[in-house]
Structure formats: C-alpha cells, structure tokens
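Q: As you go down the protein sequences, you meet chains A and B in turn.
Per our numbering, the first sequence runs over residues 1 to 417.
Per our numbering, the second sequence runs over residues 1 to 228.
It is worth saying that the hints were derived from the structure and are not from the lab.
To give an idea of the interface, some chain A residues facing chain B are shown, with a C-beta separation under 7 Å as derived from the structure:
(1) 3
(2) 10
(3) 11
(4) 14
(5) 310
(6) 313
(7) 316
(8) 317
(9) 318
(10) 319
(11) 320
(12) 321
(13) 410
(14) 411
C-beta: ideal position from N, C-alpha, C; glycine also.
What follows is the residue order along each chain.
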Amino acid sequence: MFDLIADILSALGKNKLRTFLTGFSMAWGIFILMVLLGSGNGLRNAILQNYSDVSANTMDMWVGRTTMPYNGLASGRKIVVEKKDLDYMRKEFPQISAISPTRNVWGTTETYGAEYITGGGLYGVTPDYFKINVFNLIEGRNINDLDQQEMRKVVVMHKRNVTNLFKGKDPIGEYIVVNNVPYKVIGVYNNQDRESTPADLVPLSTVEKIYPSRDGYGNITLKLEGIKNKEQSDAFEEKFRSSLASRFGYHPQDRSAIWMWNATSSYFESLNIINGITIFLWLIGIGTLIAGVVGISNIMLVTVKERTKEFGIRKALGARPRNVIALILTESLLITASFGYAGMLLGLGLLNLLQKAFPGPDPNAEGFTPSVFSNPSIDLGIAFSAMAILIVASLFAAYMPARRAVAVKPIEALHYE
Amino acid sequence: MIKLENINKTYTGGTSLHVLKGLNLHIKEGEFVSIMGASGSGKSTLLNILGILDNYDTGSYRLNGVLIKDLDEKTAAEYRNKMIGFVFQSFNLISFKNAMENVALPLYYQGVSRKERNARALDYLDKMGMKDWATHLPSEMSGGQKQRVAIARALVTKPKVVLADEPTGALDSKTSLEVMNILKQINRETGVTIIMVTHSPEMAELTDKIINIKDGVIGSVVETGNRE
Numbered sequence: 001m002f003d004l005i006a007d008i009l010s011a012l013g014k015n016k017l018r019t020f021l022t023g024f025s026m027a028w029g030i031f032i033l034m035v036l037l038g039s040g041n042g043l044r045n046a047i048l049q050n051y052s053d054v055s056a057n058t059m060d061m062w063v064g065r066t067t068m069p070y071n072g073l074a075s076g077r078k079i080v081v082e083k084k085d086l087d088y089m090r091k092e093f094p095q096i097s098a099i100s101p102t103r104n105v106w107g108t109t110e111t112y113g114a115e116y117i118t119g120g121g122l123y124g125v126t127p128d129y130f131k132i133n134v135f136n137l138i139e140g141r142n143i144n145d146l147d148q149q150e151m152r153k154v155v156v157m158h159k160r161n162v163t164n165l166f167k168g169k170d171p172i173g174e175y176i177v178v179n180n181v182p183y184k185v186i187g188v189y190n191n192q193d194r195e196s197t198p199a200d201l202v203p204l205s206t207v208e209k210i211y212p213s214r215d216g217y218g219n220i221t222l223k224l225e226g227i228k229n230k231e232q233s234d235a236f237e238e239k240f241r242s243s244l245a246s247r248f249g250y251h252p253q254d255r256s257a258i259w260m261w262n263a264t265s266s267y268f269e270s271l272n273i274i275n276g277i278t279i280f281l282w283l284i285g286i287g288t289l290i291a292g293v294v295g296i297s298n299i300m301l302v303t304v305k306e307r308t309k310e311f312g313i314r315k316a317l318g319a320r321p322r323n324v325i326a327l328i329l330t331e332s333l334l335i336t337a338s339f340g341y342a343g344m345l346l347g348l349g350l351l352n353l354l355q356k357a358f359p360g361p362d363p364n365a366e367g368f369t370p371s372v373f374s375n376p377s378i379d380l381g382i383a384f385s386a387m388a389i390l391i392v393a394s395l396f397a398a399y400m401p402a403r404r405a406v407a408v409k410p411i412e413a414l415h416y417e
Numbered sequence: 001m002i003k004l005e006n007i008n009k010t011y012t013g014g015t016s017l018h019v020l021k022g023l024n025l026h027i028k029e030g031e032f033v034s035i036m037g038a039s040g041s042g043k044s045t046l047l048n049i050l051g052i053l054d055n056y057d058t059g060s061y062r063l064n065g066v067l068i069k070d071l072d073e074k075t076a077a078e079y080r081n082k083m084i085g086f087v088f089q090s091f092n093l094i095s096f097k098n099a100m101e102n103v104a105l106p107l108y109y110q111g112v113s114r115k116e117r118n119a120r121a122l123d124y125l126d127k128m129g130m131k132d133w134a135t136h137l138p139s140e141m142s143g144g145q146k147q148r149v150a151i152a153r154a155l156v157t158k159p160k161v162v163l164a165d166e167p168t169g170a171l172d173s174k175t176s177l178e179v180m181n182i183l184k185q186i187n188r189e190t191g192v193t194i195i196m197v198t199h200s201p202e203m204a205e206l207t208d209k210i211i212n213i214k215d216g217v218i219g220s221v222v223e224t225g226n227r228e
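With the sequences and hints as input, model every part of the structure.
A: The following block contains the structure:
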C-alpha cells in the first residue's frame with residue numbers, strides 16, 4: 001500500500017497543475033456546499049430567534065372598541081371581556097391550553113428610597129403568563145397561584161428598572177412604592193424590550209383589587225396546542241373570530257373590536273419561507289457538487305487517456321489489470337479525499353468567522369435587535385456525508401476510464417502517442 | 001525455448017489483413033537471433049505474439065514449454081513479468097520515475113519488497129555502468145543511457161527471453177554498437193535468449209542468427225558464424 005501511494009505521489013508531483021485542478025473542483029464543491037448550508041442555517045436561526053420572546057403557538061388579543069355599527073348598535077362601543085368570557089373560550093375551543101389575561105396600569109411612579117422611575121407601568125398577570133410567554137427570570141421567582149389567590153402586593157421587576165432604582169443593591173425582599181402602594185420585590189426578569197422603562201409584573205388580582213374597573217381585561221394571550229400547520233391555524237382563527245363576534249355582538253368583519261395577532265400563522269409562514277430557502281440552497285449545493293463530480297470525471301478521463309502509454313508500459317512489465325485499476329482509483333481517492341477535506345476545513349473556517357460576526361442573541365444584551373443572520377453553522381454529519389458522496393461519485397467516475405485503460409491491449413497502448 | 005507452430009494472425013479492422021500465414025519458428029535456449037524483414041512483412045506482429053502483447057488466431061506458441069494461447073490479461077501479465085524482458089526502440093521509461101525506480105518496476109509487480117527491489121535494481125544499473133545515474137530522471141539522460149536503463153529493467157527479473165524491438169533504432173551508430181555489445185555480452189554471460197527485431201543489416205550481422213520474414217512466413221535463416 002505504501003508503495004502504491006509512493007508511486008501515485010510521484011505521478012501527481014509530475015502533474016502538479018492537473019492534480020491541483022482536479023483537487024480544486026473537489027475542494028470548491030465542498031466549500032460552496034458548506035457555506036451555502038451554513039448560511040441557510042444562519043437565516044433559519046435568525047428568523048427563529050425573532051420569535052424567541054413569543055412562544056410560536058400563541059394568539060394575542062387586544063380588547064378595544066367597535067368600529068362598525070352592528071345589529072342596531074352604534075360604532076365606538078367598548079368591548080368588555082371578563083372572566084366568564086375566558087371560561088367560555090376555554091370550553092368552546094379545546095385547542096386553547098392556557099389563557100393569560102392582563103390588565104395594565106399606566107402612568108405609574110415607582111420609588112425606592114430617594115430614587116424613582118416613571119412611565120413603566122404595571123402589568124397585572126396570572127401565573128399562566130409565564131407558561132405562555134418566553135420569560136427570562138434571572139433572579140428570585142415568578143408570580144404564583146398563591147400570589148394571585150391572596151392578591152399579594154408583590155412585583156417581578158425588569159432588570160433595567162432594578163438597575164435604575166436599586167443602584168446595584170440586591171432588590172429581592174425590598175419594597176418599592178408604586179402610586180403610594182408598597183410592593184415586595186420577588187423576582188427580576190430580563191426580556192428583550194425596546195422601552196427605556198419596561199413594565200413590572202404584579203398579580204392580576206392585585207391590580208383588579210387596587211384599581212377596580214368595569215373595562216375588563218386589556219390584553220389576552222392564548223396558548224394553542226395541536227395546531228400543526230398554517231391551514232389549521234387559519235381555520236382556528238376564522239372560527240374563533242366569528243365565535244367572539246357573535247358572543248360580544250359586533251360585526252364579524254370588525255377587526256378592531258378585538259384585535260388579534262396570530263403568531264402561529266406567521267410562524268408557520270416564516271417556517272415555510274425558511275424551508276423554501278433551505279431547499280433552494282440545498283439544490284444549489286447539490287448542483288455545485290454535481291459540477292465538481294463532472295469536473296473530476298472529466299479530468300480523470302483526460303488523465304487516463306494521457307497516461308495510456310504509461311499504463312501500456314506497466315502492463316508490458318507485468319502489471320495486472322487490477323494493479324492498473326487500483327492505481328487510478330487510489331489516485332482519485334487520494335486527490336478527492338485530501339482536497340475535499342481541505343475544502344471542508346476552509347468552509348468550516350469561513351463559517352466560524354461568520355459565527356463570530358453574527359453570534360446570535362446575547363442573553364444579557366440591552367434592548368431587542370431583530371437579526372437577519374445569526375449563528376451560521378453546519379452539522380458535521382452533513383459535511384462528512386457530502387464528502388463521502390463526492391468521494392464515492394469520483395471513484396465511480398474514475399472507475400469508468402480505469403476500465404477502459406485496462407481494456408486497451410498493451411501493444412496498442414505502447415504505440416499510443 | 002521458443003516453439004511456434006503454424007501461427008496465423010489476421011488483423012480485422014475495415015479490411016482484414018492476413019499478416020502471419022502459418023509461421024513456424026524454433027529458437028533454442030541461449031540463442032541471440034535477429035528478425036529482419038521489410039515493413040509489413042509481419043516481423044513486429046511476430047514479436048508482439050512472442051511477447052504475449054498480442055494474440056494469434058490459430059497454431060501454437062510454447063514458451064519454455066508452456067502453451068501460450070488465449071490467456072486472460074492477468075495470466076498474460078504474470079507470464080510477461082516472469083519470463084520476458086522487453087527492450088523498446090523508444091525506451092519506454094516512465095518519465096516521472098528515476099532510473100532505479102524504472103528498473104525496479106517489474107519487481108514491484110512481483111511483490112518484491114521495496115528495499116530488496118531497489119538493491120537489485122542498483123545491482124543491474126551497476127552492470128550497465130549506470131549506477132551513478134540511479135537517481136536521475138530519464139529526461140536527464142542521453143539515448144544510449146536510457147537504453148542501458150531499459151536493458152537493466154528487462155534483465156532485472158532474470159527472464160528466459162529478452163525481446164528487443166529495434167533497440168538501436170533511435171541511436172547513433174556508435175551508441176548502437178555499444179548497445180549491441182552489451183546485449184551480446186549479456187547473452188554470453190547469462191545465457192539468456194535474446195530476440196531482436198531490426199531494420200539494420202549491420203546490427204543483424206552482430207547476432208548469431210538472422211531470421212528473414214517474408215510475406216508472413218520465414219523466408220530464410222542465416223547463421224552469421226559469430227558463435228563458435
């Protein structure tokens with residue numbers, strides 16, 4: 001085996017340009033495939049991240065006023081959604097696995113000692129809120145069922161507010177005063193938020209007790225289960241809308257009475273786009289691979305033809321057919337494997353650089369930055385299978401001319417110029 | 001050593017060409033013979049058949065008592081490797097291998113270890129006076145030197161027969177004489193049978209026996225009297 005490789009290396013050394021060209025088509029094919037698939041993953045990761053602060057299977061509802069007269073009622077009527085309506089939704093639509101109603105208190109002033117912040121507002125939430133939203137608690141605990149039942153005056157604060165109020169002091173167990181009511185700090189969260197003063201979370205029951213109102217809930221988020229594609233999602237939304245329209249007595253086409261945003265549908269839509277892009281990139285990648293294989297076969301064909309005389313000499317000196325075939329195949333294998341490996345390393349290297357440039361989300365980052373490209377990477381298994389396919393294909397491509405080289409009679413080969 | 005009986009060979013390609021027409025030939029062990037004949041007389045075809053590089057249609061060819069007929073490529077390659085050494089007009093050295101590697105190549109196909117075959121190759125290069133050129137590529141050598149390397153390669157497997165196809169055809173007259181002397185010396189010292197095809201009457205005169213081929217059969221056999 002060592003002799004065979006030494007034999008091949010001397011032949012390759014003699015034909016550096018040809019060796020390089022053969023190898024280059026291999027390395028290039030692999031390189032392009034790596035970069036394309038890695039970039040595809042980068043796009044996918046970026047789009048999925050943009051959904052990261054919302055569970056993909058949610059539907060958001062904002063309760064507002066009617067904008068169309070309907071059934072003898074004028075437009076501008078306030079819709080009021082209360083607890084009994086939530087029970088109705090849950091009963092009518094088994095797809096709803098959790099409901100998180102919220103009520104917001106605006107225009108708050110939060111103080112701690114001499115420090116104060118304004119404008120953040122309080123979100124009254126139930127424990128379901130934490131099941132539905134992707135919630136990044138970094139200290140303490142969430143609001144639980146007991147807080148809700150006993151209307152406790154507890155608050156989960158955003159990290160930015162904590163920094164501004166407590167100036168580095170541990171906030172857990174401390175009391176802040178919001179609009180003259182003291183709240184005990186039980187947790188700190190750090191979701192991506194564009195606001196300079198984000199909202200702090202308190203139990204919904206506490207908000208209802210302190211700020212009684214007949215307006216009902218402001219915002220309701222549903223968690224949906226068992227919805228597998230855009231069609232099912234759209235069907236659910238359609239049925240849900242008409243059901244609510246008839247319950248609250250507004251025009252079915254009135255989108256503002258209860259404004260809805262179905263994250264599930266747009267999630268599946270984006271997913272379809274990403275899948276389309278991924279398939280497209282794969283097609284290009286496979287096309288590049290095929291071009292590489294064709295290039296290698298072509299060069300092997302020329303190589304064998306050029307070396308017909310040499311093979312004739314070898315055969316005259318006692319080379320058996322399998323010696324000649326082994327020589328050609330091993331040469332092809334050596335070139336494709338080594339250059340393919342080089343191409344793979346280069347591709348992975350470039351992806352690594354891209355990963356540094358687009359590292360993906362930083363959990364401690366301030367503010368939310370939507371990304372279009374994030375953490376491009378490739379499964380090493382795919383990289384190696386692509387290489388294996390290319391090697392097998394080029395071996396096959398080399399085998400054809402090898403068979404032909406063997407079939408040439410030594411006497412014809414010797415006279416070949 | 002070599003016994004051809006009623007050999008017929010027809011080339012079929014477009015118009016069929018009957019080249020060898022029932023040729024009979026007997027060459028004894030240790031002979032140094034030359035084959036002469038006009039172009040198209042069939043002498044090259046004969047040499048190719050002798051060298052198991054080409055097949056024949058009918059008749060029989062025995063080499064060292066072994067019937068050589070309708071062999072598959074694998075067996076033919078083995079017989080060539082073990083029993084026959086080739087010397088060609090255009091040397092046919094492999095251009096990217098140095099002299100020693102070229103000489104060692106037939107031994108490689110016998111499965112001889114690298115160390116052993118290089119040692120034997122050097123030994124034969126030394127006999128040809130080419131030891132100092134062992135690491136040189138063919139492109140760095142003169143025609144005479146290339147042919148010496150080729151002869152070393154033909155002999156390194158200790159074949160029964162050396163077939164030389166116009167070995168002096170590409171050489172000047174002085175070098176040609178040197179090569180002929182080397183062949184003759186080898187023949188005398190090792191007793192290997194040498195069969196040489198040539199156009200040149202002067203070179204043929206230096207062998208022991210001249211076989212003239214005419215129209216696909218043996219025309220005449222002339223003893224030159226070189227061997228007592």
